[in-house]
Each structure stands twice: as C-alpha cells, then as structure tokens.
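Heads up: the sequence lines are chains U and R, in that order.
Each number in the working numbering corresponds to the 1-based position in the first sequence with 135 added.
Each number in the working numbering corresponds to the 1-based position in the second sequence with 25 added.
Hints in this document: simulated from the structure, not taken from any laboratory.
Since the structure is predicted, the reported quantities are computational estimates derived from the model, not experimental observations.
For every residue, glycine included, the Cβ atom is placed at its ideal position computed from N, Cα and C.
There's no promise every hint is true.
Per label pair, the in silico range of CB-to-CB distance [what the hints assert, rightly or not]: (1) R207/U <-> S70/R: 35 to 41 Å; (2) L97/R <-> R190/U: 51 to 57 Å; (3) E35/R <-> R273/U: 46 to 52 Å; (4) L168/U <-> V137/R: 53 to 59 Å; (5) R197/U <-> V348/R: 56 to 62 Å; (6) R81/R <-> R207/U: 36 to 42 Å; (7) R30/R <-> P193/U: 54 to 60 Å; (8) L102/R <-> T195/U: 21 to 27 Å.
Listed below, chain by chain, are the residues.
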Amino acid sequence: MNELLESLTRPVVTEGLTEATLQTLWMVGLSGLVSVLLGLPLGVLLHASSPGGLRPMPRTNRVVGAVVNVTRSLPFIILMVALIPVTRLVTGTSVGSTAAAVPLAIGAIPFFARLVEAALRNVDPGTVEAAEVIGSTRRQVVTKVLLPEATPGLVAATTTTLITLVAYSAMAGAVGGGGLGFLAISYGYRRFDTVVMVLTVIVLVVMVQLLQALGDHLARRLDHR
Amino acid sequence: MIVCRALRKEFQTRRGTVVALDDVDITFARGSVTGVVGPSGSGKSTLVRCLTALERPTSGSVVVDGEDLAALDDTRLREARRRVGMVFQHANLLANRTAADNVALPLEVAGVPRARRRARSRELLGLVGLAGREDAYPAQLSGGQKQRVGIARALANDPSVLLCDEPTSALDPTTTREVLGVITDVGQRLGLTVVVVTPEMSVLREVCDSVVVLADGRVVEQGRLDELVRHEGSTLAAELVPLPTPGTGRGPWVDVVTVGEEAAATVVSRLSRRLEADLALVAGGAQTIGGTHLSRVRLAPGDLDAHDVVTAARELGSRAEVVA
C-alpha cells in the first residue's frame with residue numbers, strides 16, 4: 136500500500152500527468168475548433184453540390200469528394216509525418232502540442248465534413264422545399280433550415296470528431312506532440328511504469344466518457360423532433 | 026388568379042423524353058376552390074411544381090396575378106413565389122422551431138422586422154384555431170394541428186393563392202374534415218384562390234366548387250363541379266358517387282346515374298313502374314355535390330334485357346350503361 140502511495144506521489148504523476156492532460160486537451164481543443172470551423176463549410180459544400188442538392192455542381196463535388204477521401208484513407212501517423220513541412224510553415228516548428236494540432240486538424244477536417252454532410256442529408260427534404268416555396272435564397276435555406284434542423288446531428292458529429300481527435304492526439308504524442316500519448320510511451324512502454332500507464336488510460340477513458348456524455352446531453356436538449 | 030396557357034413540361038430520362046404535362050390550359054378563378062384530381066402519374070405533382078415555379082415549364086406560361094412566372098429572373102421569381110402560399114401533404118414544419126417561429130419563417134425570409142413577425146404569427150395561429158399553442162414544437166402537436174400550422178405559414182406573406190398539395194392524404198377522416206374546414210374557411214375570409222390537389226374524391230365533394238381532371242398529363246375535364254356532374258359524357262359523376270362493393274351475384278348489371286333532387290331519389294321506383302317489373306338493387310348511393318343532388322345505382326335486370334333497362338333509364342333522363 137505504501138509502495139503504491141509512494142509511486143502515486145512521484146513528480147511524474149503529480150505534475151507530469153497534469154501537464155500531459157493539459158497538453159492533450161490543448162491539442163484536441165485547438166484542432167477540434169479548427170476542424171469545426173473549416174469542416175462545417177466543407178460539409179455544406181459537399182451536401183449542396185451533390186446531385187439533387189441545393190446547387191448541384193458535379194465536377195466540384197467530385198474533386199472535393201476525392202480530396203476528402205484521399206486525406207481520410209491515409210493512416211493518421213503517415214499523414215502526420217507527411218505534413219511536417221506544412222506544420223513548419225504554419226507554426227514555425229514541428230514539435231510541441233501546438234504543432235501537433237496542425238496535422239490533427241488537417242486529418243479531422245475531412246472526417247468532420249463527411250459527418251456534416253451525412254447530418255445534412257438527414258434533414259427532411261420537405262422542409263427544404265417549404266423554404267424554397269416561400270422564396271428563400273440558397274443561403275437562407277442553409278442558415279435557416281439545413282443547419283438548424285441538423286443541429287442535433289451536428290453536435291453528435293462534433294462529439295465523434297473530438298473523441299477521434301483524442302485518439303489521434305495520442306499518436307501525435309509519440310512523435311513529439313507531448314500529451315498523454317507521450318507520457319504513456321515514455322514511461323509506461325519504455326520504462327515499464329505500470330502505474331503511469333494505468334493512470335494514463337484512466338484519464339483518457341474519463342476524458343472520452345465526459346465528452347460523449349456532454350455531447351449526448353447537448354444533442355438531446357437541442358433536439359425537438 | 027392563376028392562368029396556365031399551353032403549359033408543357035418534359036423530363037429527360039435515360040429512356041428518352043417523358044411528357045409530364047401536355048398542352049395544359051387551366052384558369053383558377055379568384056375566390057374559387059378548385060380541386061385537381063387524377064391518378065398518380067397524371068401530372069398533378071408536376072403541375073403543382075410549375076405553379077410554385079419550383080419547376081420551369083418547357084413551354085407555355087403560368088401567369089399568377091398577371092405576372093408570367095416563366096419570364097422572371099431568379100430574384101423576382103423568389104418574390105413572386107410569396108404570392109402563392111403552399112400547404113404540403115406532410116406539413117413540412119421545421120422540427121426545431123416552435124409553431125410561432127415556423128409561421129414566422131416566410132416573414133423572416135422576406136426581411137420583416139421581429140416585432141411585426143411576432144404579432145403576425147400570433148394573429149395567423151389564431152386564425153387557424155391554434156391560439157395559445159405558439160410555443161409548442163411540432164412534435165407536441167397532433168397531425169391536424171401540424172397541418173393548421175402549415176396553413177398559417179402558407180398565409181404569412183398575404184398570398185393571393187393557397188395551393189394545397191394532398192393536404193389530407195396523411196390524416197384520418199375526422200382530422201381530414203377539420204383541416205378541409207380550415208382551408209375553406211380561410212379561403213373565404215381572405216378571398217383567396219384555393220387549389221386543392223387530391224387523389225380523394227371525398228375531398229372534392231366536400232370543399233370544391235370547380236374541378237380539373239388530369240390524365241396522362243392532359244386536362245380531360247374541367248369546369249364548375251355542379252355543371253360537370255350534369256354534363257353528359259363526364260366520367261366524373263360516376264367517380265364522385267362510388268359504388269359500394271356489391272355482394273355476391275353475377276352481371277350483367279345496369280349502372281344508372283341520375284342528377285337532380287327529385288329525380289335522383291325516385292329513379293328506381295320510376296324505372297320499375299315504367300318497365301312494369303321489379304328491379305333488384307345491387308348497390309347504390311346518393312350524394313350532394315356543389316349543391317347538386319346525384320344518385321348512382323347498380324341494378325340487376327332479372328328477366329328483362331339489360332339493354333331495355335338502359336333505354337328506359339335514358340328516356341327518364343338518367344345516364345345508363347350495361348356493366349358485365
């Protein structure tokens with residue numbers, strides 16, 4: 136018992152774990168924000184330009200769709216390494232949590248965009264027709280009908296994206312991004328420090344559970360169907 | 026008022042050109058309630074989409090209050106659409122907006138200030154009998170109430186035309202009557218041109234004073250309901266008084282359609298007297314349509330020749346034919 140207490144009061148646990156948790160939250164938060172800000176319009180574009188959409192643009196739809204699919208088909212660890220020059224260009228460095236947010240965001244934008252597209256596709260086409268009949272512009276159809284009606288789906292998409300980002304951020308940690316992934320690898324894996332390993336897992340599980348619970352709660356509250 | 030002239034709409038499909046509307050001429054008069062009937066695939070939906078300018082005609086014109094929709098650019102078209110209020114089969118309300126905010130949507134789109142929107146949506150919900158339910162979400166409303174909200178929304182921009190696309194097809198009979206009541210009521214109060222597209226003859230019977238019958242993209246009959254049912258050669262009369270499913274037994278039978286209050290009620294006994302024989306009633310019904318009384322009976326001729334019964338019925342001023 137004493138041994139466990141001792142190992143729990145080591146600086147790597149008391150300070151290291153807190154710092155790593157904050158780094159992970161920073162990576163996920165920053166890349167999540169960027170993903171939503173850029174992925175949302177991209178998702179709207181994918182939906183609107185599709186055949187039978189608000190403004191069908193077959194060529195644009197195919198090109199954007201292809202880019203999205205290519206990005207999504209790359210394993211994140213490869214995408215991250217491949218994007219190092221871009222990361223340097225944006226943040227001036229390729230190590231650290233802020234730098235890691237760049238490939239995280241680029242990986243998550245197409246992911247989120249596809250989820251947005253699916254959420255918009257679930258909006259009753261009858262409501263879009265009702266909006267068109269009263270003389271709405273396309274922009275009004277998007278802002279007054281599509282997005283508000285898809286809100287619960289968009290919240291769920293954001294939750295899923297953030298949770299995926301938590302997973303990706305652990306991988307980013309392995310190659311210089313810091314955070315819980317780095318802690319787990321350098322202590323839990325390389326030094327056989329089971330206590331740190333277990334604690335890291337617990338923090339990650341709690342983080343994901345909280346995100347999911349919060350997302351579900353919000354989605355339910357916003358859903359009046 | 027809406028006038029369709031030589032309206033034609035083609036669709037290109039993989040199997041070639043499909044003509045959905047073919048040389049359609051219709052006038053929907055101001056203040057009238059016109060039913061548009063026809064089997065599915067007859068062009069009803071395409072006609073609706075042309076009347077709301079969601080679909081551009083291949084040729085011909087749709088003139089609403091003197092303005093040809095086909096000739097307008099996108100911006101003016103959006104404004105013109107506001108003159109046609111549309112009621113949908115499934116209400117098509119926004120689930121994440123309250124009843125009041127749903128009614129206010131057309132006003133929001135048109136750029137009406139918030140205070141006026143609130144007042145107007147309250148007033149409209151009152152008009153359709155939903156005062157006090159302003160803050161209810163569609164999921165908290167019954168099917169009939171949702172459709173009332175849909176009607177209120179259609180009226181928000183002060184349209185001159187109320188276009189109802191199968192407004193009661195998703196409702197039970199009691200709710201159907203309730204919703205049809207609201208439509209005719211607001212139509213009369215606001216002096217609207219009401220168009221009701223429906224596959225149900227009962228809807229036609231209950232609310233319409235005029236009718237357009239479509240088949241294969243063409244207008245096969247149109248006019249005032251009370252005149253059409255009297256008109257020889259109109260197939261509408263028979264359809265408006267559908268025969269209940271007859272019991273056992275085999276034909277030939279004679280179908281007799283009679284118009285006029287006295288005549289419709291007494292046709293079987295008069296026919297029986299004239300033929301000096303008892304005629305067996307197989308099935309029959311009587312209706313009042315647009316103020317005109319109408320009966321339709323199916324008779325078994327018994328020992329008589331079916332054609333003699335037909336001749337006698339025609340001499341009595343009824344329409345008659347032999348059915349196998």
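Open item on the list: Tell me the hint numbers this structure goes against, listed in increasing order.
Closed with: Numbers 2, 3, 4, 7, in rising order.
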